[in-house]
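Could you build all of it, start to finish, from the sequences and the hints given here?
Residue numbers (my numbering), protein chains in the order written: chain A, 1 to 296; chain B, 297 to 592; chain C, 593 to 888; chain D, 889 to 1184.
Keep in mind the hints are simulated off the structure, nothing from the lab. Wrong hints could be hidden among the right ones.
To be verified - Taking lysine to aspartate or glutamate pairs in the EDC-like style, the calculated list, with each CA pair at most 16 Å apart, reads:
| hint | chain 1 | residue 1 | chain 2 | residue 2 |
| --- | --- | --- | --- | --- |
| 1 | B | K547 | D | E1096 |
| 2 | C | K750 | D | D1164 |
| 3 | C | K791 | D | D1052 |
| 4 | D | K1106 | D | D1124 |
| 5 | A | K288 | D | D1052 |
To be verified - Label pairs and their in silico Cβ distance ranges:
| hint | chain 1 | residue 1 | chain 2 | residue 2 | range |
| --- | --- | --- | --- | --- | --- |
| 6 | C | I844 | B | D587 | 46 to 56 Å |
| 7 | D | E1181 | C | S594 | 34 to 44 Å |
| 8 | D | G916 | B | E401 | 24 to 34 Å |
| 9 | C | P807 | D | Q1015 | 18 to 28 Å |
| 10 | B | K514 | C | K810 | 49 to 59 Å |
| 11 | B | K547 | D | I1140 | 41 to 51 Å |
C-beta atoms are modelled at their ideal positions from N, C-alpha and C, and glycine is treated no differently.
4 protein chains.
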Amino acid sequence: MSLKDKKIGFIGLGTMGLPMAQNILKAGYDLGVYNRTESRAEIFRDKGATVYYAPWELAESSDVIIIMVSAPDDLLEIIESIKDVISSGKIVINMSTVSYEATREAAALVKTKSCRFLDAPVSGSKQPAEQASLVILAGGEENLLDECGPLLMTMGTKAIHCGDIGSGTMMKLMINMLLGSMMASFCEALVFGKKVGLKPEDMLTTIEAGALNCPMFKLKGQNILRQDFAKAFPIDLLFKDLNLALEAGGKIGLPLMQTAAAREAFCGAIGLELGDLDMSALIKYFEKNADIEITR
Amino acid sequence: MSLKDKKIGFIGLGTMGLPMAQNILKAGYDLGVYNRTESRAEIFRDKGATVYYAPWELAESSDVIIIMVSAPDDLLEIIESIKDVISSGKIVINMSTVSYEATREAAALVKTKSCRFLDAPVSGSKQPAEQASLVILAGGEENLLDECGPLLMTMGTKAIHCGDIGSGTMMKLMINMLLGSMMASFCEALVFGKKVGLKPEDMLTTIEAGALNCPMFKLKGQNILRQDFAKAFPIDLLFKDLNLALEAGGKIGLPLMQTAAAREAFCGAIGLELGDLDMSALIKYFEKNADIEITR
Amino acid sequence: MSLKDKKIGFIGLGTMGLPMAQNILKAGYDLGVYNRTESRAEIFRDKGATVYYAPWELAESSDVIIIMVSAPDDLLEIIESIKDVISSGKIVINMSTVSYEATREAAALVKTKSCRFLDAPVSGSKQPAEQASLVILAGGEENLLDECGPLLMTMGTKAIHCGDIGSGTMMKLMINMLLGSMMASFCEALVFGKKVGLKPEDMLTTIEAGALNCPMFKLKGQNILRQDFAKAFPIDLLFKDLNLALEAGGKIGLPLMQTAAAREAFCGAIGLELGDLDMSALIKYFEKNADIEITR
Amino acid sequence: MSLKDKKIGFIGLGTMGLPMAQNILKAGYDLGVYNRTESRAEIFRDKGATVYYAPWELAESSDVIIIMVSAPDDLLEIIESIKDVISSGKIVINMSTVSYEATREAAALVKTKSCRFLDAPVSGSKQPAEQASLVILAGGEENLLDECGPLLMTMGTKAIHCGDIGSGTMMKLMINMLLGSMMASFCEALVFGKKVGLKPEDMLTTIEAGALNCPMFKLKGQNILRQDFAKAFPIDLLFKDLNLALEAGGKIGLPLMQTAAAREAFCGAIGLELGDLDMSALIKYFEKNADIEITR
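Set out below in structure tokens:
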């Protein structure tokens, strides 16, 4: 069965959601959108999408409802507001990064209406979202993932089936925990080097030439050199994810010390009012502590 | 001026030194070697190298003396033992990872004999050493680096001039600080994921598909899956480097919290008697804390 | 005005609440009690207190309502369930340790009914609760604190006015953050000493003889020596408080690294299923990591 | 046997050594002193002590040699310089805080001369040194401790026999590890409280009224309120001790995360050039991170 002829509804047109929805539209799907701040939805009208003014309105008219919001509470609020208008056979796909508990609760609510739920957060930030090269981390029934596959592949290049509902969310927390720790370690190392007299360009060249070379260091390293902190993945959201990861660790009694140290660094960045900037702005927290500027 | 006709002496034939010296020999240089444990030196005899039985013997007969040992004290001991037999015009190249202070002290001793000193530790472990794909992190006079360039390029693919003597060492501490933190964060994330029910293969696939993908995660991830901890870069040596980095931070009053957290994890691995295994065995420390095994 | 002739209602008869309510009763107040698990309330009946079967029932019949529960959600649930039966002039005193936000929200709800609210968590655990030697950390109007003073002094020896509503809660988070860090540091030091061959008794004697000597180390040190982990303040609750403190730090962007490290240790204790034991059982987490037993 | 008629030599008249030596003199012992900076020794001359100009001179003329210096290297340097002039029957007492290895090495050197060695660092800083209320942490033969008891009790109120040579040093590292962690936790809690609007005086009152009340918090809390950082125990020395503790942990493979976090805080204080101030100046590192001043 194909979703190609179905009506797709997309809720949440933020930094990630907007390009993701655009890619669905480009692929020729019949799309409806909703966003809390209406102006971000309006640009879809000219391109042939329907703009809704409430989540329940969108949900009522859609066969597949995709949700891409910021936090557990936002997801649950939306599920709450649509649960009385969704009826048997609809599919709800959550692509937001939330907690395991919120995912399970959302799925349970959806299932009481005989609808199906796919847990499908994504790995990748703004650029992969724009280039339709996200990695989808899916939890739920495998045949539901198969059914949604072509739709999801308008936004990404790969879908990994991680297990039951909640496992996509856990995979996302795992990857963002690693991301946050690596970003903190990267900034710490660069600021250390600068403080002892090394040139930032030389450090980036050295990192790039060896076994630690990864796309993130390349991209964020350039951002840091250019002092370009336009948000791809903002500090506020990564901080939220580190908190979710630590909360998940708390639930199972697993200490996560690297993550905890990174969490404190991001917390400090928020104290410097960098929360709305890209995560590469974390460098400014480390710079302040070391009383240097990396590009001077 | 070329070093092609000069006599090259290589001190320290460990996991790194042995393949590095072999690559010099393969490139056709006139090589002499010394190693504390003689047996590792003997294999060079058949291949046409001279085997010396004391550092001073090697130093007396060589124009260029390369040192690749484990720790600051080892370097200083060797410099001490050769300083009375080196004479004007010789070149001493330290490729070991040591402290800034040891590098500067070694250089100062060498200079009192009107010899030249190059600070040249390497980025890369066993495999890059074997494949002559190391990255040389050089500190010292730029024209000395130029002169040594062809010789160094028998062992590596790139040399980065980092600044004065000591700056190669600092670059090495920066890169290994990042390496140690990343390894600890990697193990923490994998063990978290396993504990919440994710498959290790899926986690590695997810990491590889995204912005965090780097040669180290690929290589060490496979080692972990195969439980293959044959040493390329042993825990003991990485622990030493993390200590050197923290010591360097202490000298300039720069807190390095990510590095400190990683240092404690490696410390715990030593407590489990994993010190002589490859750094990928760090996973066993995290496994023990979580009371799981990643491959079960 | 005195509260001596008023009807006092006490909600929450846990480890802390039970002895606190008993002390109010002993002082001759007209007391009503409510507890989720009824059996703990029954023992009050014979002593002349009224036992209620729902919070709203108690609230309706009481002039002063004291709440001593475990977590922010519990407090808000109770406020929600009583808010329609409280009427002008009643006083609600929250003595539970919750978040700043929960305190403020509870106070706001109470004020909509023209009732007064006192934020009054306590410093001290089971023994001070039994001995009526708690320290009350009060936030709210100073004359309300004066009015409640004699009632509060049936449970404690001192009341500290910390500022507006919410400041009592913040003072409590400050003190418990310090408590959690100190407990983790204490266990770490004892296990280190044991591992290097020192006798636990000698360590406690040394600590007691110097500037670090405090009632907690004395009491918990003895618990550890006797392996007596009967709960005075259980690990689960202290873990909750450390999370509240870190959450408060997150709200203002203030890194709390000592607290974060302690939080991970308590998290590990929960992983060993020690959550319901006294916080002195934290030693078992450190013992496991060090592979020793402190009393062997 | 009594040491009352013996000649006592005291090496190292720093913040601690000076009042300790004065207390020996006051008790009527025949005292000789040596200090690197001569001026600090001169004041002893008028009081009837002999002033020596080299450690070996003092050692040659003394029956008992007490050493109170700053670091492992200083101790070993002194032992080296006196080892050829000490002869059978003399007693060497090291009261400095050094590493286990330095203590053992010093003892071994002393024993080759048929002299006896007592490992005897102290718990307590400037004020207890002045008031002769130090706690002596002794390692070595119990009958040697008995013999030295009356002499040691001129400086302290209690001697704890901790085990063999090295165990006094280990006890000292244990207590100072705890001290450093507690100081960092104390500053963190105070700065958190201030940042959320609590008054420092109220926080100190709250701490003092509860189970965490200890002489250190009382004394250092007052120092902080008065911004009086005249050194009793300087940050530099406590940082040294935290490094020694972590090094000792490294030797046995025992992670010490609370200590490691505290070490980074003290490291940051050194970066702010507070190393020569009292450890209570650590508050300034936390203030800077929080962008507040505790007394404003």
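How the hints compare with the structure:
{"no.": "1", "hint": "K547/B with E1096/D", "in the structure": "violated, 36 Å"}
{"no.": "2", "hint": "K750/C with D1164/D", "in the structure": "violated, 39 Å"}
{"no.": "3", "hint": "K791/C with D1052/D", "in the structure": "holds, 12 Å"}
{"no.": "4", "hint": "K1106/D with D1124/D", "in the structure": "violated, 22 Å"}
{"no.": "5", "hint": "K288/A with D1052/D", "in the structure": "violated, 47 Å"}
{"no.": "6", "hint": "I844/C with D587/B: 46 to 56 Å", "in the structure": "violated, 36 Å"}
{"no.": "7", "hint": "E1181/D with S594/C: 34 to 44 Å", "in the structure": "holds, 42 Å"}
{"no.": "8", "hint": "G916/D with E401/B: 24 to 34 Å", "in the structure": "violated, 48 Å"}
{"no.": "9", "hint": "P807/C with Q1015/D: 18 to 28 Å", "in the structure": "holds, 22 Å"}
{"no.": "10", "hint": "K514/B with K810/C: 49 to 59 Å", "in the structure": "holds, 54 Å"}
{"no.": "11", "hint": "K547/B with I1140/D: 41 to 51 Å", "in the structure": "violated, 25 Å"}
Hint compliance for this structure: hints 1, 2, 4, 5, 6, 8, 11 are not met, and every other hint is.
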